[in-house]
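Student: Chain by chain, the residues run as shown.
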Amino acid sequence: MPGLGTTVGRGGATTSPQDLVNSDCILIMGSNMAEAHPVGFANVVKAKERGAKVIHVDPHFSRTSALANLYVPTRAGSDIVFLGAIIRYLLENNAYFHEYVANYTNAPMLIREDFQDTEDLDGLFSGYDQESKTYTDHSSWDYQRDENDNPLTDPTMQNPRCVLQIMRRHFARYTPEMVEAECGVPQESWLQVVQTLVENSGRERTGALCYAVGWTQQSKGVQIIRAGAIIQLLLGNIGRPGGGILALRGHASIQGSTDVPTLYDLLAGYMPQPAEMLDAKPEAQHSPTATTWGERKDQHVHKRTQQTLQEYIDVAGMKLGWWSNVPSYIVSLLKAWYGDAATAENDWGYHWLPKIIGDHSHINTSYDMLDGKVKGYFLLGQNPAAGSTNARMQRKALAQLDWMVVRDLYEVESATFWYKGPEEVDPRQIKTEVFLLPAAASTEKEGSFTNTQRLIQWRDKAVDPPGDARSDLWFIYDLGKRLKALYADSTEPKDQALRALTWDYDRAEPEPGSRLLDEPDAELVLKELNGFYVRKQDEEGNTNTYGFREAPHVPAFTALKNDGSTACGSWIYSGVYPEPGKNRAASRHSDGGTNLDWGFAWPANRRILYNRASADPEGKPWSERKKYIWWDEEQKKWTGKDIPDFPVDKAPDYRPDPKATGMDGISGTNPFIMKPDGRGWLYAPVGLKDGPLPTHYEAAESPVHNALYKQQSNPAAKFHKNRKDNRLASIGDPDYPVVITTYRLTEHHVSGPMTRWMPWLNALQPSLFAEISPELAAERQIVHGSWMVLKTPRGEIEARAMVTRRLQPLRIRGRVVHQIGLPFHWGFQGKSTGSIANDLTHSVLEPNVSIEEAKAFTCNVRPGRLS
Amino acid sequence: MLEQRGRESVSSIAQGVKQLPQLLTLLHKETPPPEEPALGFFTDTSLCIGCKACEIACKQWNQLPAATPDWSGTSYDNTQHLGATTWRHVQFIEQIERRIPAGTGQSAQQTSSTLPKLSLFQPMDSAEAIPATPPGTALPFFNSDRWLMHSDVCKHCANAPCQEACPTGAIIHTEYDTVYVQQDICNGCGYCVVACPFGVIARDTGGDGQAHKCTLCYDRLKDGMKPACAKACPTESIQFGEVQELKKNAQERLGLLQEHGVSEASLYGADDKILEGGLHSFFLLLDEPEVYNLPANPARPSNHVLPTSLGTIITALLMGLMSIFFFSNKE
Amino acid sequence: MQEHANEPGRTSKMLTDVMEIGSRVQPFSRESRDKAARIRDARVVHSVCPYCAVGCSLNVYVKNGQVIDIEGNPDSFINHGTLCPKGSATFQYTINSSRLTKVLYRAPYSDHWETKTLDWAMGQIAQRVKKSRDETFVERLEDGREVNHTLGIASLGGATLDVEENYVIKKLFNAGLGIVSIENQARI
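Protein chains in written order, with the numbering used here: chain A, 1 to 867; chain B, 1 to 331; chain C, 1 to 188.
One or more of the hints may lead you astray.
With a Cα cut of at most 27 Å, we get these calculated DSS-like pairs of lysine-lysine [as the list claims (entries may be wrong)]:
{"#": "1", "chain 1": "B", "residue 1": "Lys-226", "chain 2": "C", "residue 2": "Lys-63"}
{"#": "2", "chain 1": "A", "residue 1": "Lys-396", "chain 2": "A", "residue 2": "Lys-373"}
{"#": "3", "chain 1": "C", "residue 1": "Lys-116", "chain 2": "A", "residue 2": "Lys-484"}
{"#": "4", "chain 1": "A", "residue 1": "Lys-494", "chain 2": "C", "residue 2": "Lys-130"}
{"#": "5", "chain 1": "C", "residue 1": "Lys-116", "chain 2": "A", "residue 2": "Lys-420"}
{"#": "6", "chain 1": "A", "residue 1": "Lys-791", "chain 2": "A", "residue 2": "Lys-831"}
{"#": "7", "chain 1": "A", "residue 1": "Lys-831", "chain 2": "C", "residue 2": "Lys-102"}
{"#": "8", "chain 1": "C", "residue 1": "Lys-131", "chain 2": "A", "residue 2": "Lys-431"}
{"#": "9", "chain 1": "B", "residue 1": "Lys-226", "chain 2": "A", "residue 2": "Lys-46"}
{"#": "10", "chain 1": "A", "residue 1": "Lys-396", "chain 2": "A", "residue 2": "Lys-831"}
{"#": "11", "chain 1": "C", "residue 1": "Lys-102", "chain 2": "A", "residue 2": "Lys-481"}
Don't read these hints as lab results, they were simulated from the structure.
Excised from the complex, chain A in its bound form:
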């Protein structure tokens, strides 16, 4: 989540659903929280009962809206206009939290003279390359720096080149009038939102912000999140109880699968995957920011070669702040992976790590598949034939494979595309060889999930899975053993990584009561994730060397070293299993407070991130009411209700030497320790592919021209324009005039593999329906309860018509714009079937994270069914 990573330092929610009960105001935007996270939403209800104001801003009136004090309907895709106007209001009315902003954010930093804003370039920032349609030169976005590379600042925040003043100019055109014209939100409603936010922040009060894929699944999703985070920084709400940003994640361990990533561009703990980008030359210009003040390369501006470990560290690490520890983390990871074969002489096996050469994200890979470049595919509990955007293209892509392995509990759409589907399918024409393997359910295996608040929770195993169903851990482990056997005698260089790979998770004892004899030991994997000592000095000063199984666990990531004496599969998970017999993910003790003994929250079991910001620059709580972490002058340490997210003995009055490096370079007043300047980034001098400040662009498909700039849509988004199966409606296309957004219902889960085989849930929501306003229904003669057809340039689907006033037409720049809402849970398999909503969606990708735009696009509707 680079939106949060770039702004405050880590790609994770800064707070938890349970802390919302401490909020005075909760803004939910880009999320249908009551329906997608009902038990999390219970905390919102509780907060409201205690007097907190709950605001929901969303294109459709949902069960979330029903409980809110204030519901504001808005146009899908116009979020940054709405939020940008709030930013402008805060700046122009001096309504921001001065002391917090001046000390904890980069508002006082001076930006280079050659930086040009969207104000100057009509919607573009400096550094844009028209030919490649990307920002190729980010250097002008950087700070002005002194001889030590430290940024120049103006503590009065009056200098016209300081971040605060640049923001004032940048957001000047985000006026309430613009909100009314572009979002369709009356100024009065918008002002109510702003005033509620302002009145509920400051020393005595805090407000929280909840978002979900309503923001991320847009072609400028990262910048929407940035805009939300900027508001929270300006209001002084981050790092404080009842404040923060709650990224509501939608899958049991989607946070875990980002932390310990099954993502192409990341290694564990948010280190980047080594890269040798095709579009970068070996001698590419050396970015002066890369090793000094540069943001860690979340976004991979892969300017330099990464042929050696040192070159990789130069890109992935930083001179200042916590990321100065990258050498210890990457060497420990390589030791965990390659064991004894990783030595100082061979760069700890770094050269074995595969390098990425471009965007290998899911959708791009699907296009590669379509082009016949991908031979084999593993689908491990995922269902692109219904669950990914442009699903028809996905199904076509699967048909180009040589072989595919699908692991699931049920016979999902992706396993059956070769004989079934919305389009005609002839098995005799499809070569793909399919292995469909039954998988174990979550109750049938042990292991951990990392939830939306970064909390790692262990599950014990209840029973064996039925028949030949096995855990995915077993599948990967067994496959690894077979492949190691197949390559055992190879002398080819390309096979040495696999031969060196440590692979030893057999159980020491058979599992009691289980008929499965070869199920691996998940706690051994957790030990590797936590980290262990390869070499360690005992009390007598003798250095002992250990094998994996008998090695002592490391207690925390602070113990990790870059000399090969430690191994660690994911540095941020260090501490989860600090000693044998103490699996903290499996600790289950609630205490009614911060619950530090229930599960383990990365990093270091901190529950609210950046919590040093809950105290003022001198280290005193901002107020008694919002007391959380503070400096104890007697004990000379930070203390409070949580684990301090700050060096525990660094005094508030500590000031770094100008030449200091690492954590020594972080001042005692800088709470955002992952950032090289220790400050929250209102303005991102580096790290994003689409500019340092959030800017409103229309969705790739929009009924209107961008009223703010000549630039219509995100200039850096990946459009896949040359793809005939990804045709887009034009701007204001009369054939596709209706805005459409997709969402979840409480009763189902994503594309349905985990719910549509369950009669209980199917009875609650038995059919795909589309929600449309009575006005649009009347215009198109669609009758409530009858069938309707929805059409985009990618495809057509049918759905039952739910004519409801919960959807309402909006007045955008004087004309009426209709919006419809579409749940996306159906497919052609299971006990409840229906059209695939994703047959409508397109594959335009957000530039930073390559996420698809499923929350704002255009369509047309007509009564009737598909013929």
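On the provided structure of chain A, position chains B and C as indicated by the hints.
Tutor: Only chains B and C this time, still in chain A's reference frame:
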């Protein structure tokens, strides 16, 4: 008065068969469990998020079959009603204000199921139509658009018509004063079904043919556990506990909501007025009971049921007796 | 008992007097008398809900090797025993006659599934991986930069899997085999 007379005539006929049930009782008798404080539900619709966890938790615990999937189009309510295998049911009532100029002929109170088909698209016009809301944080407890959600369930009447109508003694007030159908007694006659003024109890026509409804998780109560629906409810919209305590809570909650300006809030069944004794499962509503399909003054139909059913009652009793003798002889 | 229980409506009181039909003191049947929660004496296993990312704790009740009930764990500060409808239905997700229990195999251009043994399938999959990898592995780019990867195999999934499973997926596929397109739902 009429009612009174009807009852008396029933009594006189019944006198003749007085010994039969007593004999039956003697033969069947289990030592009744010691009385416990009355337990019940307080379902507070002002906290309901319409998640339907209660419906599923009930199905899961009681291992009830799913209803036949049938998209109703009645907002998000597809299970439609309580029944023999649906013991919790969440209703959805859309009350969405339309911010359009007056005179377009549209009422604000229509729900999606009753929406008229507009002959012409009515364009929204001008910002004046939008009610001016004063700025600031003086926000109402609920926004002006309402989507009412209500988890319906058996009312566990203090004086339950179903129990009074039951000719076999299958329906009892348990030691917790909940209304419970003993499945090993019920013969599926269905008198309880017509007796219930709330349409709660039903015969499982596709299954065992017997009458079923919410048991208030009698089996769980025996082990000191909360009923499944109340336990699952994420927002405490379904509260479970001692009826006296719950009624106190309900009064307090009503007062609090009224303080918050939710003047339309009211309690249903929390006093003794409904069915001469009140309900042990009662509700806080945000609109008139009829909006939730709840009768404002539910009738007690037992006076109609009893006389007509007398013949059946006697037959049932005799048959019961005969079978008992038959089986005991065999032993 | 409650006040109203001592003062039932007059009419029903009369009925009670004459016969026990409609009486509040109907006899308890044996089944009623012996009623007990079926999870009495069951083994409790601690788990976590597999749906959204709120992370509600589950108690899985097991008797005679069978899951008989799944409910929220009241001790958890996250859900206090509560669940949403999906979480409440976890039982039906796991105990479901539609679940796959055998390996199904579809040969190229075939129009039907064949049932296969797990061992056969694993052996075949390992061979497919080796073949595709060997055919598509790239050690160096044309300009000489070492990349040691294959673009010929891809993997999708992980957000519904365990942390430990994600870890071994990335470890085997990426660090061992050189696969780079390893993706999951976080991208979607």
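Student: Each hint: holds or not?
Tutor: Going down the list of hints, with the structure as the test:
A hinted pair counts as satisfied when its Cα atoms are at most 27 Å apart, and Lys-226/B with Lys-63/C qualifies at roughly 21 Å. Of the pairs offered as hints, the one joining Lys-396/A and Lys-373/A holds, with about 14 Å between alpha carbons and a cut-off of 27 Å not exceeded. Our distance criterion of 27 Å between C-alpha atoms is met by Lys-116/C and Lys-484/A, whose separation comes to about 23 Å. At most 27 Å may separate the alpha-carbon atoms for a hinted pair to count; Lys-494/A and Lys-130/C meet this at roughly 12 Å.
Restraint check for Lys-116/C and Lys-420/A: the C-alpha separation of about 21 Å stays at or below 27 Å, so the hint holds. Between Lys-791/A and Lys-831/A the alpha-carbon distance is near 25 Å, which keeps this suggested pair within the 27 Å criterion. Taking the CA atoms of Lys-831/A and Lys-102/C, the gap is about 20 Å. The hint holds against a cut of 27 Å. Restraint check for Lys-131/C and Lys-431/A: the C-alpha separation of about 17 Å stays at or below 27 Å, so the hint holds.
Taking the CA atoms of Lys-226/B and Lys-46/A, the gap is near 21 Å; set against the 27 Å cutoff, the hint holds. With a C-alpha separation of about 24 Å, the suggested pairing of Lys-396/A with Lys-831/A holds against the 27 Å cut-off. With a C-alpha separation of about 22 Å, the suggested pairing of Lys-102/C with Lys-481/A holds against the 27 Å cut-off.
When the structure is compared with the earlier hints, no violation turns up for any of them.
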